[in-house]
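Dock chains B, C, D, E and F against the given chain A, drawing on the hints supplied.
Residue numbers (our numbering), protein chains in the order written: chain A, 212 to 525; chain B, 212 to 525; chain C, 212 to 525; chain D, 212 to 525; chain E, 212 to 525; chain F, 212 to 525.
Hints may be right or wrong, so weigh each one.
Note: identical chains are not told apart, hence a pair may lie in one copy or across any two.
Stated by the list, open to error - For lysine to aspartate or glutamate, the following DMTMM-like pairs were computed, each having C-alpha atoms within a straight-line distance of at most 20 Å:
no. : residue 1 : residue 2
1   : 387       : 316
2   : 445       : 342
3   : 465       : 486
4   : 511       : 272
5   : 510       : 235
6   : 511       : 422
7   : 387       : 254
8   : 475       : 450
9   : 510       : 422
These are computed hints drawn from the structure, not numbers from a lab.
Below, each chain spelled out in residue letters.
Protein chains: 6
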Amino acid sequence: MKEIYITALSAGDQLASVPFLIQDVSRRTTKDGRPFLLLTLSDKTGTSGGVFWDVPPAVDEWVSAGRVAAVTGRVSDYKDALQITATMMLPESNPDMGDYLPSSDRPKMEMISELYDFIASLAEPWRGLVDHILLNDDFLPSFATMPAAKGMHHAYIGGLLEHTLSMANLADTLAKQYPLVNRDLLLAGTLMHDMGKVHEYTIAGEFGFSEDGRLLGHIVRAILMVETAVSTTKALNDEQSRELLHLIASHHGKQEWGSPVEPKTIEAVLLHQIDLLDSRMQGFIDHVKKDTGDGDWTKKSYMFGHEIKRPSGM
Amino acid sequence: MKEIYITALSAGDQLASVPFLIQDVSRRTTKDGRPFLLLTLSDKTGTSGGVFWDVPPAVDEWVSAGRVAAVTGRVSDYKDALQITATMMLPESNPDMGDYLPSSDRPKMEMISELYDFIASLAEPWRGLVDHILLNDDFLPSFATMPAAKGMHHAYIGGLLEHTLSMANLADTLAKQYPLVNRDLLLAGTLMHDMGKVHEYTIAGEFGFSEDGRLLGHIVRAILMVETAVSTTKALNDEQSRELLHLIASHHGKQEWGSPVEPKTIEAVLLHQIDLLDSRMQGFIDHVKKDTGDGDWTKKSYMFGHEIKRPSGM
Amino acid sequence: MKEIYITALSAGDQLASVPFLIQDVSRRTTKDGRPFLLLTLSDKTGTSGGVFWDVPPAVDEWVSAGRVAAVTGRVSDYKDALQITATMMLPESNPDMGDYLPSSDRPKMEMISELYDFIASLAEPWRGLVDHILLNDDFLPSFATMPAAKGMHHAYIGGLLEHTLSMANLADTLAKQYPLVNRDLLLAGTLMHDMGKVHEYTIAGEFGFSEDGRLLGHIVRAILMVETAVSTTKALNDEQSRELLHLIASHHGKQEWGSPVEPKTIEAVLLHQIDLLDSRMQGFIDHVKKDTGDGDWTKKSYMFGHEIKRPSGM
Amino acid sequence: MKEIYITALSAGDQLASVPFLIQDVSRRTTKDGRPFLLLTLSDKTGTSGGVFWDVPPAVDEWVSAGRVAAVTGRVSDYKDALQITATMMLPESNPDMGDYLPSSDRPKMEMISELYDFIASLAEPWRGLVDHILLNDDFLPSFATMPAAKGMHHAYIGGLLEHTLSMANLADTLAKQYPLVNRDLLLAGTLMHDMGKVHEYTIAGEFGFSEDGRLLGHIVRAILMVETAVSTTKALNDEQSRELLHLIASHHGKQEWGSPVEPKTIEAVLLHQIDLLDSRMQGFIDHVKKDTGDGDWTKKSYMFGHEIKRPSGM
Amino acid sequence: MKEIYITALSAGDQLASVPFLIQDVSRRTTKDGRPFLLLTLSDKTGTSGGVFWDVPPAVDEWVSAGRVAAVTGRVSDYKDALQITATMMLPESNPDMGDYLPSSDRPKMEMISELYDFIASLAEPWRGLVDHILLNDDFLPSFATMPAAKGMHHAYIGGLLEHTLSMANLADTLAKQYPLVNRDLLLAGTLMHDMGKVHEYTIAGEFGFSEDGRLLGHIVRAILMVETAVSTTKALNDEQSRELLHLIASHHGKQEWGSPVEPKTIEAVLLHQIDLLDSRMQGFIDHVKKDTGDGDWTKKSYMFGHEIKRPSGM
Amino acid sequence: MKEIYITALSAGDQLASVPFLIQDVSRRTTKDGRPFLLLTLSDKTGTSGGVFWDVPPAVDEWVSAGRVAAVTGRVSDYKDALQITATMMLPESNPDMGDYLPSSDRPKMEMISELYDFIASLAEPWRGLVDHILLNDDFLPSFATMPAAKGMHHAYIGGLLEHTLSMANLADTLAKQYPLVNRDLLLAGTLMHDMGKVHEYTIAGEFGFSEDGRLLGHIVRAILMVETAVSTTKALNDEQSRELLHLIASHHGKQEWGSPVEPKTIEAVLLHQIDLLDSRMQGFIDHVKKDTGDGDWTKKSYMFGHEIKRPSGM
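Chain A with its partners taken away, still in its complex shape (with noise of 0.2 Å):
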């Protein structure tokens, strides 16, 4: 359990076993020949320098970036910043990921529990197969981890979950907007439409791709999911099957983003629609809020490709 944050230190504090998370490192050797490590140490409050001279070959061993390690040294000041210089570092298992990561302002619990409210909605066969899938004991924790992106939108732990509720409240209220949708269909593709990314993506030190991102990425890694699911539950025949297929399939919107088809249904049309619209909203917010700058505009932001102006609330 982490109670001392990188925020509040200050030079000449003495540090015994101190959890930070290892964003990374590099090994150098001094001219007179002797191993030290330079590192970057980081939790969700701030990012510090960090050197540990004379490293012992028991820790060299294990250190990596995304590690965890609780740290023995002292702060000092270095170059007009802190800088921690380590005399002990040991590996920290099962840490709280959130601890060390920027995270979502909503409650993980509350939105877990919002997500069961939306599946208890669902009409029957998809209330079966999102429960199967979702609310699996070895998803679900993951899922109300992950982040919904690498950097442009919702790109904190839980912004997965987040995304995922906020487009199934948007799909709730769009389908009595639009009677000819099948609000049982749209929901459940809603639900899980980006659910592969929980295969996607490492959260280990810094949000980075997994070799089944890197090698499939998440479309088609849910695709599999939901297959896996079908032929294990039978809950789906094989037109429902492909409709909710083709939601996930076509959420991208474009081939050219990613989606191997293109929406060809109501309902694949609007969860496109209601995807684009959330991201770019919520991208719209994470850009002012991460904007150092107290002025009406913020830096050219990479989604929209411009500078942005703050709104008169934030």
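What follows is chains B, C, D, E and F alone, placed relative to chain A:
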């Protein structure tokens, strides 16, 4: 007042001053030198060929595409289709174009009433300005008649107002989901974003483009309308005016889609997304409705670039 | 068994139960209200117009595009072209579509034998998996019949297998030129990369797209086929499965060409290049073959975007 | 009035109230807690680092990027470059930005005189309108000061007027080569096409974008300026106004380059071509001038996308 | 020498050896097996259908599209249009294509004289080289006859020279406005930039592409022409030759528009701009001229991508 | 002859006339006004910083990037890296650039021998022409030394010939798979398609572009080389020459990739595909080789636009 519609005609009927829209007219001469007219006549229920032999100069003079003519003559069969052989045609003044062109399914008065309600719900200074522009007697009748597009979506009498109200409903709902959004600014921009189309299209005959639409387009025209209203009413200060003009100028979302600036405020981003969402959904439904086949798949849609699948309820 | 072909018909011939493919059918009514059918009848040698006057309800019921019908009637001349006037039509069950649609120049059995040899040459675990999927009795007949595309290249009966084998030969040769390539993985991916097309196209009547082809496409379908086979046979471990799925998912080379991921392994880069090379070369040859002119230059090719020059040997 | 320029400074010089532009300022604290400023000071001849130790609150308060400050202090060498150590800084009111930013080679008065001549050569109603807008005392000084762009071409004080006059000369000449062109309409449009840039840029510190420039851009601003002037002066009828607004709205040539409509009249086509031609030619010359190498080839030009060759006379 | 033109024919006229261009010919057979020709005959004033019954083998042999034939026969009416029924056709040798295809409004001799003047105004070494290539007896007649394009602009007999001279005038004028430009190099490049089109097009029948035009294109052909002339005359040194070849190679401005290199010298940038400007202006005028409607707006222009507005003087 | 390489240096070594390539040189002055040189010295094994204090004018005069210098001096450590402090530098004449720049793994003589074999295998007239151009004593040494590209693939000494031979092997093999292809024409085109690069690049210092490469590029240069050889040897007739030039001109495949014409013959289509295939495969391998990480995934590749996966054998 039109009482007889094309869909009800059959070979042998006699017509006495029945009004039709002249969609197209060609002037021809018989081998022995007598002038005649080849006509395409239509109303909101269908289209018929027509011919007027030995056309008198007084008729020849005024007949042109887009006029409504009261036709006297006879209905016959020609090449498996109806043909109207006219013996007299007189120009109708001030016809209700709703009889001749496809119309929205929503009653006009119901839509106007809903527009009044939305405007009444606005805070000042937005309410005064929108009222001044839209509820003007010179403007409202056209605003309630125009289509929203030439062919892609809402391409029928009343389509512009129907699209505007559908978007206003979305704006109202979504402003709650994203509380940073200034709901009154968003709604004012939504109600006025496409109002320049009243000057962009012509609805005589087939929907076409006016001189104003060709040289300036509806975005520039709406900008000029706001500017004129602001300088008359002094309703807005410079900053409010700029924010509102930005909504209108940027609502197409990208320069390549005709917006001179891209959305840079949260309301502008949301307005563009709402416009996209409603256009795509209604464009989907319109394409399925117009598609005459009875299979599950329509012909290729110009908007989507491929065939789309008929929703099960249609 | 079909014995009489369109190319051999002449005006005056009597037809007794001669089978033809119904490419197109329109239901019409004479001026005095009697129903008749306008038909386009075809086989692999050509196309003829057809008409069936006073069509009995029992015939009217089943006649549709894509069916093969045994036609009794008479051949005549109409507007400088042959026309078949039918007096009876009966449905053929289980016709050999190779009689009615253009076919590969290579004998089917020779191609199947070559496929067996390629699979036999694979090391495990690839051999077992490819055998399980492709040499399956429910699959192989269709795999040996399908075209490789609707119109661009190899668009004829057997074209899919012909294209697959041509690519397998290239893969075998090029794996030697680039020794870093895993030959067995490459060849397994080559043999299966387009197998999803068996479910993508329909070959009744003209080549068309199936429901599966429209909603999922052949890449997603092939991914599902591999997944099902892997979970049945346990032939591959996770990493092998991912490498193989990557080959299939990325073989179009770019997202804008329909691949959800781009090639990232050396085998995937080579597979895409082989596919491109063979499609372009066969597409060139097919376009020249189909071009009916006798000059040096063909009409504009859709694949190449311009006219192409006939090779001297054709 | 500025008399001492950066290019003439050397280590050891004493400065007494010498004015410089503050291009950038960072507020820092020494290890023992005393505030100091790191400055970038500049004038039209160059740039120097600066530092102000123990900055008094009265100075700290007003110092910001874009202000001109009269600096008292001393010049020294720091890391092979000049550094100004300030002991006092006072704000300059109403500085002539031409002393601090790069300027056009053409004398301002000569350019204004040429502008008068062009306007005098116009036929009515164009002369009255252009005179009303451009020769206005509130507008002309800014119009004669602004750059024509932030970095691509004519990016210096007076560049906007220089570019406008260069294009007016081309318009005058080319109207003779293409006699169908309405010379007075073309020239009026040319003189006003970029005038919205007076409100688009800010020239405090570095050239930047104003609130108006970000939310509306110079095309929309110029459209509003014409509309206001027309409604005040009644100089133009509706058709003339539309033709002129079309020139301004379409002068970027394509929607993707920021024009809400594309050129549709012969004058609009020519105006866009003249703008393109003059921008490219001056952008070529500006890039070569700014390029500090002495070889035949410059560094890569952003406008052209590659290196360009120095003309032999430069 | 052609004296009778299509525009003057009427039903009943007898034709005795009147020459027409054969634009198109189809070989057909009557139901009783007699061969006949369906013809499209034309001259610069218009087009007429034609038929030649019982065509003798000696005529059948040489008749082909692009030949000029002296036709004996009779004019009649067929389906409201003229038809020429030929009884004899003899090939014309060496016809003046200006009689059969649309021509420039400028007299050929006047244009050639202007070309001589431009060349005379060049400094050496440019004058000698341009004279050697363009004023060559084998080349000049074709250079003065060719169109400048197949359809976009200057698509008529003499159009290539007319476009070249129009651009030379612009080059001469603009070299004064931008004094860094080497006027003689620019003018030499302008006069020769499109000369490869003499080998690119064929003007028999309709304008088409030659073997050279298809396989190499006019840019490569012009490069080869310069290279041959330089190696014959030794007029230019390596650097001069490279500068001139660069002008020709880069004049389309972008690789995607067919230039193997992009403009990198000031003369090359200006030449491309002049080409663009003159093509657009003349393309605008040509489109309006060819447009047969009488309203203010033309049909959609392929060059501009939309309808354009007729200038008031046309 | 170079015997000592950078990879073998260590602090304290004395250097006596050891040759290095001067990759970069900056001229600086100490605070007390003495000139010195900051150098980047390299050979094919690595790079070292260098400094030359109190540089004598005779040395200062000739030192420039791209020259090879015999350096006398001493090796030391500076900021954790090697630095060579020179006391004398003398220019090397005629160095073997293979000692200083990365080179192909294939021995030069083996590649030249393979080139001879390919040319010997050609039928006339191709053999004579290719021999005349490539086996020329003025050309072959450069052809065997050049890289095939600046950075994308085969970017090392001998890379051009290595790429040419790899493609020739592919051409030879594939001509058998597609028998309509004229093998001798294809092979001649393959051997010469990139030969213009001998004039496009410079290999002094880093690989760069020559004046010829910038203004004309290797495609135009190769076209000129063929033209000159054909006019000297009369080896080809017009049609053969055109077919060969077409191969060279079109081998980039698309205009936007720098080909003035697109491939229109079967040999041109195949040549482009072979070029693409070999460039991508070698580009993949080169990127993995240069990537210094040791994980499974490389850094982002410029050619592929994303990270690529290291083949298991590397």
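To see whether the hints hold, each was checked on the structure:
1. 387 <-> 316: between (29 Å within a copy, 18 Å between copies)
2. 445 <-> 342: within (14 Å within a copy, 26 Å between copies)
3. 465 <-> 486: For residue 465 and residue 486, the Cα distance is within 20 Å both inside one copy (13 Å) and across copies (18 Å).
4. 511 <-> 272: Neither way: residue 511 and residue 272 sit 41 Å apart in one copy and 28 Å across, limit 20 Å.
5. 510 <-> 235: Classified as between; 16 Å across copies, 26 Å inside a copy.
6. 511 <-> 422: Answer is between; shortest inter-copy Cα gap is 15 Å, intra-copy 31 Å.
7. 387 <-> 254: neither (43 Å within a copy, 33 Å between copies)
8. 475 <-> 450: within (14 Å within a copy, 33 Å between copies)
9. 510 <-> 422: Between copies only: 14 Å across chains, 33 Å inside a chain, cut-off 20 Å.
Violation of the numbered hints given earlier is confined to hints 4 and 7; the remaining hints are satisfied by the structure.
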